[in-house]
Amino acid sequence: MIPDVSQALSWLEAHPDALKGIGRGIERETLRVRPDGHLATTGHPKSLGSALTHKWITTDFAETLLEFITPVEGDIDKLLAFLRDIHRHTSRDLGEERMWPMSMPCLIEDSQNIELAQYGSSNIGKMKTLYREGLKNRYGSLMQVISGVHYNFSLPLSFWQAWGEGKDEKSGQDAISEGYLRLIRNYYRFGWVIPYLFGASPAICSSFLQGKETKLPFEKTEKGMLYLPYATSLRLSDLGYTNKSQNGLGITFNNLPDYVKALKAAIKTPSKEYGEMGIKDEQGNWLQLNTNVLQIENELYAPIRPKRVTRSGENPSDALLRGGIEYIEVRSLDINPFSAIGVDENQVRFLDLFLIWCTLADAPEMSSDELLCTRTNWNRVILEGRKPGLMLGMGCGEAQHPLAEVGKTLFKDLRRVAETLDSQQGNHLYQEVCDRLVASFDDPDLTYSARFLNALKDNGIDGTGLALAEQYRHQLAEESLEILTESDFEQEAVRSNASQQEIEESDTLNFEDFLKSRS
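Going by UniProt numbering, the first residue of the sequence shown is number 1, and it counts up by one from there.
No lab work stands behind these hints: they were computed from the structure. Because the structure is a prediction, the values reported are computed rather than measured. One thing to keep in mind: the hints can contain errors.
What the hints assert, rightly or not - Mimicking DSS-like on lysine-lysine, the simulated pairs with C-alpha atoms at most 30 Å apart in a straight line are:
(1) K280 <-> K261
(2) K264 <-> K307
(3) K78 <-> K307
(4) K55 <-> K78
(5) K78 <-> K126
(6) K516 <-> K55
The task is simple: from the sequences and hints, build the whole structure.
Now the structure itself:
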């Protein structure tokens with residue numbers, strides 16, 4: 001069931017200072033919508049600056065899909081205040097437009113009308129848009145405008161030094177990379193706890209299906225909402241941000257060279273399906289960057305990724321080979337509809353606890369088949385996580401255990417981690433989060449998905465979404481900035497626009513030659 005982590009926890013309790021200096025960052029996506037809830041048809045606001053080069057405000061798949069990015073921060077209050085400042089400034093800048101407060105989009109009549117994100121006339125800007133054209137043609141636009149929150153997490157060097165001391169292990173960056181890969185393997189095994197606790201997409205608008213058939217046994221409300229009674233995160237289901245065609249890539253997380261090798265192979269492996277689509281249509285319009293299984297590395301859909309900050313022009317995998325894993329990116333968080341900024345302090349503190357636990361716990365190596373097998377538990381939790389008596393398997397073919405039992409056992413370990421973290425701060429904030437969340441295993445009605453589904457049943461997705469969007473719009477627009485100033489935002493907008501212009505003026509290759517140089 002849950003691995004025995006008692007020895008590692010005892011070590012942690014004896015070395016509490018090893019956790020001083022945790023690095024955290026948040027990326028939050030949100031759709032711009034009109035007052036009636038339909039997607040905004042305006043371009044990315046020029047007053048916000050360049051989406052290509054802005055440090056904090058950019059776009060994801062579409063012009064209407066904003067993405068807010070915080071810098072790395074060690075203090076949780078400052079991290080969330082910085083993110084809230086971005087929301088405050090943007091709320092004032094959007095005029096009558098609102099930010100959609102949930103993961104699943106709703107009022108979209110025709111997905112063909114979703115405009116791809118535009119990044120200017122430079123080769124790199126056009127490449128970013130063409131990559132999105134490929135995503136649209138491969139998977140459809142609706143899947144790409146589902147929003148989420150990404151949580152970036154790193155342990156301090158002091159932790160890795162203390163953890164490796166006296167052990168007959170690799171030293172330096174190799175040991176750190178191995179530690180993060182252990183975290184990732186445990187995340188695949190036990191990360192279903194995140195959608196169980198925090199999943200907030202138990203329902204969809206019927207328009208989201210765009211007439212497509214589904215085998216999911218949806219129930220339908222009078223307002224046209226489709227839902228599963230015990231679902232937690234339809235965003236993470238096959239309806240949402242996943243891609244079955246990537247299941248056969250053979251990517252594992254046992255060691256860094258093999259991970260990078262498999263990832264690079266996927267970028268070079270031709271796809272029959274995408275080959276038939278072609279790179280250009282008959283009129284010579286671009287359809288995708290290439291016809292390989294992955295156009296670029298970011299196309300790999302994964303609930304968690306190993307990361308390192310890239311240098312200019314460097315691919316993510318080359319950065320990993322150069323310097324090893326620097327941090328991990330958690331990608332399984334739905335937008336939190338109960339928060340004006342899409343995420344709250346409880347979630348951040350829980351993720352700290354869980355990711356530290358994943359680092360400490362033993363994690364046997366996993367084949368690609370075993371990785372796929374872990375998806376069974378995720379799917380059960382995603383589609384019926386709150387179902388009474390739900391059972392989970394702890395491995396391929398292993399015995400089943402009640403989800404509630406596994407969850408409560410995990411939290412016994414997490415509480416010991418919480419006590420260690422709280423001992424540094426002189427408070428009980430992490431322990432309070434444990435006490436609050438562990439109750440969700442005895443009472444699933446306390447989970448985010450259950451609470452949100454009750455609201456959705458009363459008012460529908462569009463009604464609930466519009467009411468929350470309006471509430472948060474007023475709330476944020478009226479709040480004062482805490483960390484940044486309006487001058488900071490103005491200067492960054494000017495700097496980002498100048499930086500984009502500089503990139504455009506420095507291009508020397510035509511677009512086709514540029515793409516060849518990148519392949």
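For each hint, the structure was consulted:
1. K280 <-> K261: Holds, at about 29 Å.
2. K264 <-> K307: holds, 15 Å
3. K78 <-> K307: holds, 23 Å
4. K55 <-> K78: holds, 17 Å
5. K78 <-> K126: Violated, at about 35 Å.
6. K516 <-> K55: The given pair, whose Cα atoms are some 28 Å apart, holds under the 30 Å limit.
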